[in-house]
Structures are given as C-alpha cells and as structure tokens.
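Q: Working from the sequences, and respecting the hints, build out all of it.
Respectively, the protein sequence lines represent chains B, R, P and G. Residue numbers for the first sequence follow our numbering, so the first one is 8 and each next one is one higher. Residue numbers for the second sequence follow our numbering, so the first one is 8 and each next one is one higher. Residue numbers for the third sequence follow our numbering, so the first one is 8 and each next one is one higher. Residue numbers for the fourth sequence follow our numbering, so the first one is 8 and each next one is one higher.
A pair counts as met if it fits within one copy or between any two copies, since identical chains are not told apart.
Cross-link-like lysine-lysine pairs, in silico, DSBU-like; alpha carbons within 30 Å at most: (1) Lys14 <-> Lys234; (2) Lys248 <-> Lys237; (3) Lys234 <-> Lys207; (4) Lys238 <-> Lys288; (5) Lys238 <-> Lys73; (6) Lys238 <-> Lys65; (7) Lys234 <-> Lys288; (8) Lys73 <-> Lys14; (9) Lys198 <-> Lys376; (10) Lys65 <-> Lys234; (11) Lys218 <-> Lys354; (12) Lys237 <-> Lys65; (13) Lys234 <-> Lys179; (14) Lys366 <-> Lys172; (15) Lys237 <-> Lys288; (16) Lys207 <-> Lys248; (17) Lys207 <-> Lys192; (18) Lys288 <-> Lys248; (19) Lys14 <-> Lys376.
Rather than coming from a laboratory, the hints here were simulated on the basis of the structure.
What follows is the residue order along each chain.
Number of protein chains: 4
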Amino acid sequence: MRDSVRKICVVITARPSYSRVKSALEAIQEHPELELQLVIAGSALLDRYGNAVDFIEKDGFNIAAKVFMVLEGENPTTMAKTTGIGVMELTNVFYNLEPDAVVTIADRFETIATSIAAAYQNIPLVHIQGGEVTGSIDEKVRHANTKLADIHFVASENARERVLKLGEDPDKVINTGCPSIDLVKTIADEKDLPFNPFIKYGGVGATFEWKEGYIVVMQHPVTTEYKDAKKHILETLYAVKKLNYPAFWFWPNVDAGSDGTSNGIRSFRELENPNNIHFFKNMEPLDFLRLLMNSKALVGNSSAGLRECSFLGTPVVNIGSRQNRRMRGENVIDVVSDRDQIYNSLKQAISGGYFPKSKIYGNGNAGVKIAQILSNIELSFSKTITY
Amino acid sequence: MRDSVRKICVVITARPSYSRVKSALEAIQEHPELELQLVIAGSALLDRYGNAVDFIEKDGFNIAAKVFMVLEGENPTTMAKTTGIGVMELTNVFYNLEPDAVVTIADRFETIATSIAAAYQNIPLVHIQGGEVTGSIDEKVRHANTKLADIHFVASENARERVLKLGEDPDKVINTGCPSIDLVKTIADEKDLPFNPFIKYGGVGATFEWKEGYIVVMQHPVTTEYKDAKKHILETLYAVKKLNYPAFWFWPNVDAGSDGTSNGIRSFRELENPNNIHFFKNMEPLDFLRLLMNSKALVGNSSAGLRECSFLGTPVVNIGSRQNRRMRGENVIDVVSDRDQIYNSLKQAISGGYFPKSKIYGNGNAGVKIAQILSNIELSFSKTITY
Amino acid sequence: MRDSVRKICVVITARPSYSRVKSALEAIQEHPELELQLVIAGSALLDRYGNAVDFIEKDGFNIAAKVFMVLEGENPTTMAKTTGIGVMELTNVFYNLEPDAVVTIADRFETIATSIAAAYQNIPLVHIQGGEVTGSIDEKVRHANTKLADIHFVASENARERVLKLGEDPDKVINTGCPSIDLVKTIADEKDLPFNPFIKYGGVGATFEWKEGYIVVMQHPVTTEYKDAKKHILETLYAVKKLNYPAFWFWPNVDAGSDGTSNGIRSFRELENPNNIHFFKNMEPLDFLRLLMNSKALVGNSSAGLRECSFLGTPVVNIGSRQNRRMRGENVIDVVSDRDQIYNSLKQAISGGYFPKSKIYGNGNAGVKIAQILSNIELSFSKTITY
Amino acid sequence: MRDSVRKICVVITARPSYSRVKSALEAIQEHPELELQLVIAGSALLDRYGNAVDFIEKDGFNIAAKVFMVLEGENPTTMAKTTGIGVMELTNVFYNLEPDAVVTIADRFETIATSIAAAYQNIPLVHIQGGEVTGSIDEKVRHANTKLADIHFVASENARERVLKLGEDPDKVINTGCPSIDLVKTIADEKDLPFNPFIKYGGVGATFEWKEGYIVVMQHPVTTEYKDAKKHILETLYAVKKLNYPAFWFWPNVDAGSDGTSNGIRSFRELENPNNIHFFKNMEPLDFLRLLMNSKALVGNSSAGLRECSFLGTPVVNIGSRQNRRMRGENVIDVVSDRDQIYNSLKQAISGGYFPKSKIYGNGNAGVKIAQILSNIELSFSKTITY
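A: Laid out in structure tokens, this is it:
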C-alpha cells in the first residue's frame, strides 16, 4: 500500500511525439494513483514548427514546465548543442519537479537529453518505442535511450525481442502496442473527412477540388544525409507535380537539413508554381489521422506511413533510408529518392485501393496499459545487462 | 592510397583515463598515417583532482584543446549539467578540429558528452573498453556509448562477445586487449620501488617505514549510492586503521559523492589521527603501477584492482558494488562495505602472497594494435543494429 | 618598438552591425601592424535573417570562428539565454584566438556577451558607437558595454561628451565618426539605382514600376514593448498601403517580438494583398545604401534613418520610441505608431525633396582612423571611473 | 491601492553578500506588502567556500531556488563561463518565479548574470551598493550593473553622487546606508567575544591564547592580477608570522586566483609551520563581526575593513589595489603587498588602539529603509540616461 500517487514526468520535444503518446498522457492523467507532470520542450514550443503547445493546452493538459532549447542553425552542430542545452535545462526541471519516473519518447536526437537528465539524477527512466530499427542518427539515439532506460514500453513483439537482445530485464520490457494506434482507433469508424482542410487550416499554395481523392506528402530531411535534403525533396516535388493529382503537403521537422528541405520547397514553388499542391504547417493530431484515412496514399518518409497507416490500411510510398528496417505492413511500397520511381509507385498506390487493417503496432489500448503498468511496476534506477 | 593522414581526436576527461590509454596515444602519435588531436577536459584539468594535464604535457603530448566543463557541487544534478556543458563545448571543439574520428574512453559519466558531440556531427566514433559489466551509472553510460559508437576496441574476449550481443557489426568490434596493460608491461620486470613516495609525492598524514611492506587504498564513491559515500569510506578507514599496517591512500575522483568521501577522510583524520595511513592526491601513472606492483595488496573499488592487478598478480580486496560483474582474475577477493570483512580479507591478502600473471586483459600491445587498425579500418558514421 | 602585429578580434552578431563597421574591418585588415580576427555569431549566421555571413565571405574576409548562439523563441527569455550561451561560446573563442583586443559593436542585446567574455578574461575591450541615446533595452546594454570597455570609438561629439560624463578616461574616448558613413561616402556620387531590385534580390509580394519613385520600409520590434510588435507593424502596413506608392519593405531583426512583426506582415499580406509593397529579406550593404539614396523616404525605426540618411539627405519618417533621443539631422520627422500620422508624414516627406548632407555622424574616414588608433593606442584592461 | 504584495527576488551568489544584506532580507520578509523570493547561487552553495546556504537556512529563510553555476578552474576563463551559465540558469529561475523586482548585490563578477537575466526579461532591477570605486574587474562589473539597473540603493552620499553622475534618475537613487552596518549595530554594545573560536569553528593550524589580543586576516586574490595571487599571499604570511601575534586567518573567495592563494597558504604552512596562525573556512556573520570588534586589527584586502570596521572603529591594514578608492574612514592604513610594510603597519595598528565610530556607511537602519522603499517606489524597467 503506497501512501501517495506516483509523479510521472513526460517530456514532449516535438509535434509528432505528442500525437504519438496522447492516449498515454490521458490515461496517466486519469489514473487515480498517478500524477502527470507534462514538460513541453524544443520545437514543440516554436511557432515555426506548428506550435504544438497550443494544441496540447487546447486538449486540456496542464503544462508543468516549458523548456526553450532549440539553437538556430539546423545543422549537425546546432543539433548537438541543442542536446547539450537540453541536458542542462531538463536537469533543472527534474530537480525541481522531483518526479518518481521520467518518460522519454522514441528516438529524435534531443530525446537523449531527457534520458541523461533523468538517469544521472537517479530517477527511474521509462522509454517508449524502443527496439525498432531505422537508418539515420535516430538509430543510434534510440538504442542509447534503451541502454539508459530502466523500463521499456515497446510497440510490437518484434521490438520487444530486440530490446531483450540488447540485454534488458524481461520483466521491464512490455509490449503495450503503440499509443499512436489508440488515437487511430478512435476515428477508425468515421466516414468522409469531417472538415474542409483549406478552411480549417489555411496554409499556402494551390486550392483544388479534393473530395474525389487526394494524396498526403510528409518528407523530412535525413540527418545523416542532410546535405542532400534539397535534392531529395525536389525529386518528390517533381514526381507529385507530374502526377497532377491533388496533394496536401506538410512542412518538415526541425532537424539538420530542414533549411535544405524548406529551401527546396520554396524555390520549387516560385519556379514551377504547381497547381495541384497545397502546403500546411501543422494539423491537429486527430484531423491529421482523418486526412490520412481518407487519402488515396501517403508519400514521403514519415514513420506515420509505417505505423498509423498500417492500422488504417492506407497505401504508402516510403522514400529513401529514413525508415530502413522499421517494421511495416503490406501497405508500404519502398522506393529510393528518384522522381520516376516515386511517380510510378504513386500511380500504383492510388489505383490499388486500401489494404486490410493490420495490428502489428497494437490494437488500440496502449495508453491505458502504460498508465496501469506505471502505477504498479517496481521503479528502480539501477540495472545491469542480462548477459 | 590515401592522400592525407587521418586525424584522430582523443578526449581525456579524467586522470585514470589517461593512464588507461597512454600507450595508444603514443602509438597514434608515432604512426605515419595518423595525426593525434588530444583534447583534455573535465577533472583532468583541475588541480583538486591531481591536474593530470601536467603529467600529460610532461610526457610530451601536444594538447589541441582544453575544455573546462566541471560544474561544482559533486552531486547528481551537477554531474548531469556537467555533461550538458560538455556536449556544448566538445561540439565546438570537434567542429573546429574536424577530426576523421573521435575516441571516447570507457564509462565515466561525462564520456557520453564526447559520444554525442561526435555522433550528432556525423563524425565516426570509436569507443575503447566497451562490453564490460559493472554496477552504478557507469553501466548505463558504457552501453549507451557502445550504441552511439561505430568502432569498438574492447579489452577482453568476454567484452567482445557482449558488444556483439548488443548488435554491433563483428568487423567493427576488435579485442585489442586493454592499453592499460601495455603500461604495466613496461615496468613488469623492475625490482623494488625506485622512488621514495613521501619525498617524491609529498601528501599528508602519517609517515612510516614502508620498505618491508605496505598496502594501497583507492576507493571512489558509488554514484547510484552517493548518499552513503561517507559511511562507505569510514568502514574502510576503520578496517585499515585496525590493520595497523603501512597504507598509501589516494583521494577519490570527482563524482557525485566525492564530498562525502572527502569529508569522511577528513573527519576520520581529525578524530582518529591514524599513524599508519598517508594520503596522496595523485601519482604519475608509471609510479602508481610500480607502487601497486610492490604492494602487499590493493583495497578499495578501483578498476585497477581488476585490470592492472590481474597482470601484476597483486592481491586485491574489492569492496562493494562498483565493480560488480567486471571480469576478474583469481587475485581478487570481493567483500561488502563492512569493516570486519575488509579487515579479515586484508589480513588474508597480505599473508597470501602474489598470484601468477593473468592475460585476461591483454598481453601488452593494445596501443600499437589500436593505432594500426585506426590507420586502415573503414570509417563510417552510419550503422544499424545487426538483428 | 613592438616585435609583432596586434591581433584585433571583431565580433559581428547581426547583419546591420556588419555594414556599420565594414570600412573599419577593411582598414584593420590592410594595416601592416594589425591582424584581423573576424568572428561571426548570432543571427549573422542564420538564413532566416539574411545570412550576412555569405556577404562577408564574398567581400573577401576570412572568418576566424563562427558561433551559433541564437536560441529559438524570439521572446525576452530566449534573448537572455542567447546572451548566456554567447558568453560561454565567445569565452572559448577568445581563449583560443588570444587577441590583443576585442571589439564589440553598439548596443544589440547580445553584444554584452562579447564584452563579458573579453573583460572577464582580462582582454582589452574596444566599444564602437557608445554614448548615444535611445529607448528600449539597447539603452541599458549600450551604457553597460561602455562601463565594461577600455577604449571607446564614438560617432559624434555629442556621444563623446556623454561617454566622458560616464566617467571614462578622455584619452581613451575618440570621436572617429561612424564607420557606416564611410560606406555611404563611397557611393554618394553615384547617379540612379544601378540594379533592378526585383531581379537582383527576388523577394516576395507585388511587383511594380519603381524608377519614378519609391519608399523604403524597415521596422523592428521594440524589445521593451515586444507584445505590441504586431499592433505596431500593422499601423505602418495600413499607412503604406493607403499611400499607394511603391514600397520596398525589409524583414525585421531577430529580437523579442520578431514573431509578432513577422506574423503581422504575413496576415496583412493574406488579408489585404497590397499591390504596392514588395518584401526583401536582405540586401548587400552597398546596394541597401544605394536603395536609400534613391528613395523618396525611409519609414520605420531603423537607426539607418538617423545615421546613414543624415549624410545622404534622404527624408525619414521615424516611428515610435526605438530611436528616442538618438542624435538626428533635420531630415527626420518623428511620429508615434499611428497609421494616420505615418501616412501624413510620408505624404509630406515624399513631396518635400532631399535635405543637404549632414556630417553629424562623421565625414567618411572613420574606418581608417579606428585602425590607425588601434595600432598605437596603449592597450590595458584595468580602469577606474574618473570621478 | 494594490491588490497584492510585491514579490522581491534577491539573488545571493557568495558568502559575504549574504551578511551584507541580511538585515534587508529580514525587513523584506517581515514587510506586509512584500514577499521575499530568496535565490541562493554560485559559491554560496558550495562546501569548499563555507556553504553559506547552511547559515541562511539556519537563520530561518526559505529558499525559493538553488542555482549551481560555478565552473571549476578558478581562472578568468571559468569566471567568464560561470557568468554565462548563470545567465542561462537565472533566466529560468526568474521566468518561473515571476518576481515584481529582482535585487542584485554589489560587484562580484557573477552579479551581472542576475542583472542580465532580469533586465532582458523586462523585470525591474534593483542594485545594492553601486557607486563605489575600487580596482579590479569589480570596478567594471559594478558600474555595468548600475547601467542595467532601474533602482539604486547606495551606501553613502559619495556613492549617490557617483551614481547620479552616471546618468541615473535622482528619484531612483537612494542613500539607505549599507545594510551591513545594520548587522554591526546589533552587536556594537556587546563586551568581549562570547564564544571560543577554536571550539565553535574548528579550523586548522596552531592553537594559542587569544583573549589578550589577536588580529584577523582576510585576503582575496585580485582578479586582474590573479597570476600574482600566490606571491601576494606569501608577503602577508611572512609579515604575520614575523609579527608573532595571535592571528585568525580566513580562506579566500572563489575567484580567479583562489588556487594561487590557497596554494600559497598550504605550502607556507608545510614549510614554516607558523605557531601563531589558525585558519578558518567560514564563520556565522554575527560571530565574524564580533571577532572583528574584539580584534586589535584586521589585515588583508576585504571590503569589511573599510565598511564594517569604520563603524566598529577597528584598525585596518589594507593591502594592495583591491579596495583602491573605496571610501574609507581614518581607521585604515593603506600599504602595498610588501612584507615589511605590512609588518610595520600591523605593529602600529596593534599599538594604536580603537578609532571613534564613523557613520560614513550609514547608521544601521538600511534594511528597513530598503524594504519600505521597495514597497512603494514606482517599479519600471525602461529608462534613459539623464544627459
């Protein structure tokens, strides 16, 4: 019998991380034996990257601390320094909030700052979405997070096996499924898009008739290839223009290479003025899922293509190395960054129709599971490798 | 045929790390296809911790950059912030030095700053002494370093197997033996201690006749138990006082808990004024090995007890959890932090005599091997887990 | 007789600071007894703020160090933290470059980082453009820079008197005139604009016939009133739209409030789609002066209106408190942030014609004077107030 | 009529600053319209420098935030970086505490961090003890603090005139006297030393009979001459040894040069083993004043010699440039750092007896005045120079 609730501090450092764990945040907040301490940091605070903090507050969450930590420059050097600033700042935050456990999410570069600030202060560290495989710096960060963490909530059996192979205690590695699927499940029975994207989200670029069918584009720079960011985005731009099919396009994350990606988009627009592409900075998480569910295909390199779209059955054209070896359903076509390949695969995806729902990333109750386990699992900050 | 030498940047953040890799530094410096960029950081720059930088310069190394990064306070919070400052500063250093590879050593808390600053800037990262097992925060840091690194020079077969299990590419995991054994080998045939410790190193405390036999004490705080640092050191102090046998005692590293350890030593001295203990802040690496080689036993929790002393055959009383599960030879007696156990084991160690030399940590040519491999191994900064 | 040249380290942290001191940089570079160490930092490195570093390199300067230090957020909190990061980073830079003197420029918030990093390391500090008076945080920063500096190059007699009143040694306070006037002088005899702004600088917004007359707009947020940034810019936008006269408009500096200013401009454009305004991010310094020289008026709150335009004789409508009490010629009309006042004053300015050239900010040889004095003035880092 | 109390945030960064403002802290705490937010930072948190935080808590103050910011190294480079870290950390603290005004104290190097963190966030800044004159980096820092501050509580008429000459608004510059005198006043009528220093404060070195007369030594390194710190302290050590009169000696502040000072003391002790000197790390503020009041003389370069001792009438031998031009009473003999001069002046001071109490630094009610004024003065964060 414990005499007090456990304080669970979750650090959100970017827009997509929020939608990924929203259901877990809700379940923690509602659990009588847990108290949520929500920290919003990094690009989730910045207008340029869609100001996720606004959605979060609108969703009714109280924010325990805000941490400005993004150093401008969007190159590998500023990524590294941003992480150093993050360690300093988040250390302060945890020192003052005194959480019983800290949660770090997935594998963005700055998530290791959360891990270090917690682990070095002897606070039990929980890692969500370890054990997956991709390319890029994310691959190093994700597994380093695993080795700094004490408890692991993974999204698939495949991921659980990998975390166990990494030498973690089987009692502390739990396949809860991915909380992002929880969100998908809440809208999976809806019909048609219940809002007009142009009206609700503004944005810039062409306007067009979209009710008969559209695609969604979301392509981020690959940090280990960040000097090619502009080249990569141009291949996709030319392919989508040639397709001449309505397309909703999302701006990239803040990462090394963002400048290249943004420049590519801007100069393409000035030069080619495509009449089938409209650009958004951001969208509320549920609306984004609705947009995916009703689209003919997602193209780019977002992990949403492998994760959320597997449950939705939406066809996906996945470009380049960013999602290398991440587990995928049969809805995914992999291509290299080449305008012809992208164009041809998109043609095929649009005409092929939807795939059956897959549960490889869980069946939609990950958030509740996570909260339940956090309320009664043994919390410790000391471990040794199992072999 | 390469047209230029490879620039290898090695970051030394603490006194013991220097002696551990000195032979590798020499071999890199002498290799015609390598250029050494030596960075001295953290406590290796500080007078309070023995000012390792002075020994390093006296040994003839040029220093490419000095990085002050230790935030005072010696608690988990300042350890974490020191690491954040280290990331910021070392990022600058690598950005300016433009090395072809960066080397990070072992598992002290701040070594992850080197790893992040290199990996995030797409510089191939080499990790020395991965794959070992201990308790404490070191355990998390060491394996996280492994997951951030591209090339691994391990000190034993046992360590190599563990790094492979962690999913690293077998071609990039090489058992070179431990470079610290190289140093041991250079003095292993000497007889008697060639210097008078009191005269050469000053220090404080009792003076005594030592030529007939003495022990060496080196005990660091355990960061995950840092609040017990004072209690732990007092157990050892009482045991060594009771032993009433000449003892040379070394001050601890800068770590969470150093204050507790230092306070324990100081108050014990004022209270008990032991007449068989003399205290040193530091010693040149070779002299320290000579001191160990001629001692009846080493007591405490230094990794030198398991590593260097295995090759020397010196008996070791290893206290507490700090070296848990690190590979050890038959010269090591493990005890918990209890004055009676320590006292009894020391009695036994002193009377039992030396053990045969063991080569579990290598045969003394690790430095040359490391330099040779660095000159021709493929350098890349992108990897994915092997399973 | 000195045996070596003096190393003069100049830190440029923003686009406008570069044009302000360019002639001094050239003179230092060419002086046989001086060596220029040019450090580019802050927003001068950032694409979003016009990437001044590109112009600087194109002008043939070698860059000794680049310092990323801008923390995203553009609010007072990130301004303060940016300054803290700047102190840490610039301290490193000076420690490694070992300059004989460091030059800090004017009064932007981050210039105090240069001052602290130099003064605290006992490096003689030179301040350019002290002794002026304005509103905003600049006012505090400028005079604090004066009190940290050892040598003062001021731009007017008025400024010299003020620095002397602040207790500085008369031998160390020299009225060289403003080096920005040097640049103005080099183009002052040109006729007509020698380039087409639309073609050479791209930009966004309306295109129009400009050869018959245009105005230039440059309005920055006022940091002490940063929450009103959007309101302030909208007043100017409505006034300029109503004027219905060709206008070239420049994006603001990175400062607390930039987001408000940028948002104001963006939403105005979407809503009102003004057909007489074209927007630029940046322009080469000489071209910007040419643009001013040929314009009918400058409107906004840029210090160029008081400084460069006094020598050019261009009419200026100066809005709000940002340039409060800075010395001005008869070419300046001061108004509050009110669309009607701005509109009426602009009407008057356009119809009134040019003013005679004023030399209140110097006669165009400040750069050479600065270099000459730096080569032989006594350099010290210790001073006491004169009263 | 205000509806809520004003939150006054005071930042204490070092042991001596606490005693200097203790009476003001008490008065703020007791004032019904004020709320004290006490921030303890820098060396005031560190065991090595006497752990002022312990005295502060024992005195019954609640601490709103603790800020670790001292970077080890004790040289000009780490002083500068410590200040940068301080800006980052204190910005966070003020952002979270949302004070109505921030108080920065005097002129230690890191006090400018408090000033920047407040001023840049548009928080009204109060400076205590501006307008004085000394040598060293303190001189630059103090006047820079004045130029960043909005309200000035000065300790003498002389100081008030100087702040006015610096261009500050006369309504915002108030001579409250020095709060350190308040503390002196509370013990000024006591007789004899009410405690045995050896028993109450431990310390190291010789023990001796002190009731018949003793001197006090407190000498800090001079940061602009920090390389001479060891030489300077040795002159004083030899003079005091030759005097052969009981002496209580205090360890120096953390500053560039502390290592030199400490080393000087340590090596002198080992070499000369003086039998008339006892060393303390720290003393409770009131006990320190009692010790001064009962001593035959204070020697060194502490500002207490000029300030507190003027009210006490204790003779002072003030060495070197550190207190250059600070206002002093007739109780002070100034000497250069020379053992003969120090010795001779000490002889004279001991035999000369006490001086009459002087009120040049106030009459003992500064704390109450400060609190009263803070409760009703207009708080603003915008100012311009008066000339």
